[in-house]
Structures are given as C-alpha cells and as structure tokens.
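Student: Take the given structure of chain R and dock chain H to it, following the hints.
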Amino acid sequence: MAELEISYFAWVREAMGQSGEILPLPPGVADVSALIAWLAARDERGAAAFARPERIRVAVDGEMVSANRSIVAAREVALFPPVTGG
Amino acid sequence: MRRVDVTSAAIDVAAALADHDAGGHGASASFVGRVRGDGGLTELFLEHHPVMTQAALETLANDAMARWPLAAVTLIHRVGAMTPGEVIVLVLTSSAHREAALAATAFLIDRLKTDAPLWKRESFADGRVQWVEARDSDARRAAVWEG
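From first to last, the protein sequence lines stand for chains R and H.
All residue numbers for the first sequence refer to this note's numbering, where the first residue is 15 and numbers rise by one.
All residue numbers for the second sequence refer to this note's numbering, where the first residue is -3 and numbers rise by one.
No wet-lab data here; the hints were simulated from the structure.
Just so it is clear, the structure is predicted and the values come from calculations on it, not from any experiment.
In this text, a Cβ means the ideal position worked out from N, Cα and C, and glycines have one as well.
Any given hint might turn out to be false.
[Unchecked claim] Beyond 12 angstroms from chain R on every Cβ pair, some chain H residues (computed):
1. A11
2. H21
3. G36
4. T79
5. D106
6. V140
[Said to hold, decoys possible] Some, not all, of what chain R presents toward chain H, calculated at C-beta under 8 angstroms:
7. F23
8. G76
9. A92
10. F94
11. V97
12. G99
If we strip away everything but chain R, and leave its shape as in the complex, we get:
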C-alpha cells in the first residue's frame, strides 16, 4: 500500500505533538477532508488539532489545494492554519 507523508505546522504541529508522520493511506480515505476526519477520530491529539476543519489549510505535494482534493496518488500532505506572514 502506498505510504503518505503528512507534515504539520504552527498550532496544528503543537496540537499533534509532532512535526509529521508517515503512514499508509487509511482505508476509505480518498481526499483531504476525509484524511482530516480520520486524524480527528484517531486519537485525542487529532481531535484537538482538527476540532474545526474549516480552520485548516492544505497543501498536497507542495501545492495549496482545497479540502476536496484527491490524495489517492499523493506523496505528501501538509496541514496548517491560515498563514500569517508579512
């Protein structure tokens, strides 16, 4: 099964207690919103980090995308809050 590299940034990283992880694509998870729901249901850290999915922004393989983007062929998914640079 294909492996997916997930990275977390800012308060998402702090809530998850790690900067990233590598895991097999969970069964039945085909897009970003399903992945976020799966992480939220997995454990307490995920539940805290993804309590409000509308506050999460996503990049798949380096490209900012919306939550309905397919991750079936993705290598890397980054999950983070709205950006605040400048």
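Tutor: This is chain H only, laid out in the frame that chain R set:
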C-alpha cells in the same frame, strides 16, 4: 535582477538596497516591515515550510514581473526568532517609472500575507505565547489584486 530569500539571518536593508539598485533604475519603491513591540511582545517567531515558502515567494516575484515592467525585484523574508525593531520582511521593486514600482510593491506585500506559508508566534513579557490569527482584512486586501 530578481532576488528571493527566506533567511534566519538579520536582514541588512542598506546592503540589500545597494545590490538591488546597482542597475541604476529610474524608479525604486520599498516596503520594510519590522517587528512591533505592542503589548509587551518580547519575541516573534516565524515558522515556515522548508520548501513551499521559498517557492511561494518566487511565484509572487514572477507574478509581479509578469504584471508590471519591472527591472528588479528583491523579496526577503526573515524566519525564526526575532525581537521588536528587527526587520521581518523587505520588498524592493524597480521600474522606469514610479507607477509600476509602487503598485508592484503593494501587490507583493499584500499577496505574501495570504499566499506564503508562514506562521507568526508571539511571546510576551508576562509569559503568554500565542499564534497570530489570520485577519479577514488581509484576505480582502490580497483579493483586490485578483483578476
């Protein structure tokens, strides 16, 4: 010339301007953003993505050069820990005339606030630590440049 840097080192505005302006451009515009010490802020930490931040800033610089006739663009963003008064972002643009340089500078600072993967964390003298929330007003300003 086009220079895009994401750096944890202090930004030397004078040196960057000297490099940027070596071409002797007709009109150069600048934006210098500094860390404010509001509310007893003692440290601002900028988190970035190891790959995507540089790529996003390069895309913005390219977009600006496609949109206006620019002879030079310098875009430098600091990351990591910094203290009040330090430079966090430097935008320099040059063209033959002022309109393009001024507009491109505004475009770059507005868009990098919404397009570049960067996250600010504030630490205060009383021990509070908080992540800065994205502002709707920044999204509206950035949207002005669409289309």
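Student: Once the shortest beta carbon distance from R:F94 to chain H is found, is it less than 8 angstroms?
Tutor: Interface hint status for R:F94: holds (7 angstroms vs cutoff 8 angstroms).
Student: When you look at the beta carbon of H:T79, is every beta carbon of chain R farther off than 12 angstroms?
Tutor: Answer for H:T79: holds, closest chain R Cβ roughly 18 angstroms.
Student: Could you check that no beta carbon of chain R comes within 12 angstroms of the beta carbon of H:G36?
Tutor: holds, 19 angstroms
Student: Is the claim that H:H21 lies outside the interface with chain R correct, judged by CB distances over 12 angstroms?
Tutor: Consistent with the label, H:H21 stays out of reach of chain R, its closest Cβ about 24 angstroms off (over 12 angstroms).
Student: Do the numbers back the hint for R:F23, that is, is its least Cβ distance to chain H under 8 angstroms?
Tutor: Interface hint status for R:F23: holds (6 angstroms vs cutoff 8 angstroms).
Student: Once the shortest beta carbon distance from R:G76 to chain H is found, is it less than 8 angstroms?
Tutor: Interface hint status for R:G76: holds (6 angstroms vs cutoff 8 angstroms).
Student: Going by Cβ atoms only, is R:V97 closer than 8 angstroms to chain H?
Tutor: holds, 6 angstroms
Student: Looking at H:D106 again, its CB stays over 12 angstroms from all of chain R?
Tutor: Not fine: 8 angstroms to the nearest Cβ puts H:D106 too close to chain R.
Student: Is the Cβ of H:V140 more than 12 angstroms away from each Cβ in chain R?
Tutor: holds, 15 angstroms
Student: Quick one: work out the minimum CB distance from H:A11 to chain R and report holds if it exceeds 12 angstroms, violated otherwise.
Tutor: holds, 22 angstroms
Student: Minimum Cβ distance from R:G99 to chain H below 8 angstroms?
Tutor: holds, 3 angstroms
Student: Holds or violated: the hint that R:A92 contacts chain H, with Cβ atoms closer than 8 angstroms.
Tutor: holds, 7 angstroms
Of the numbered hints given earlier, the model fails hint 5 alone.
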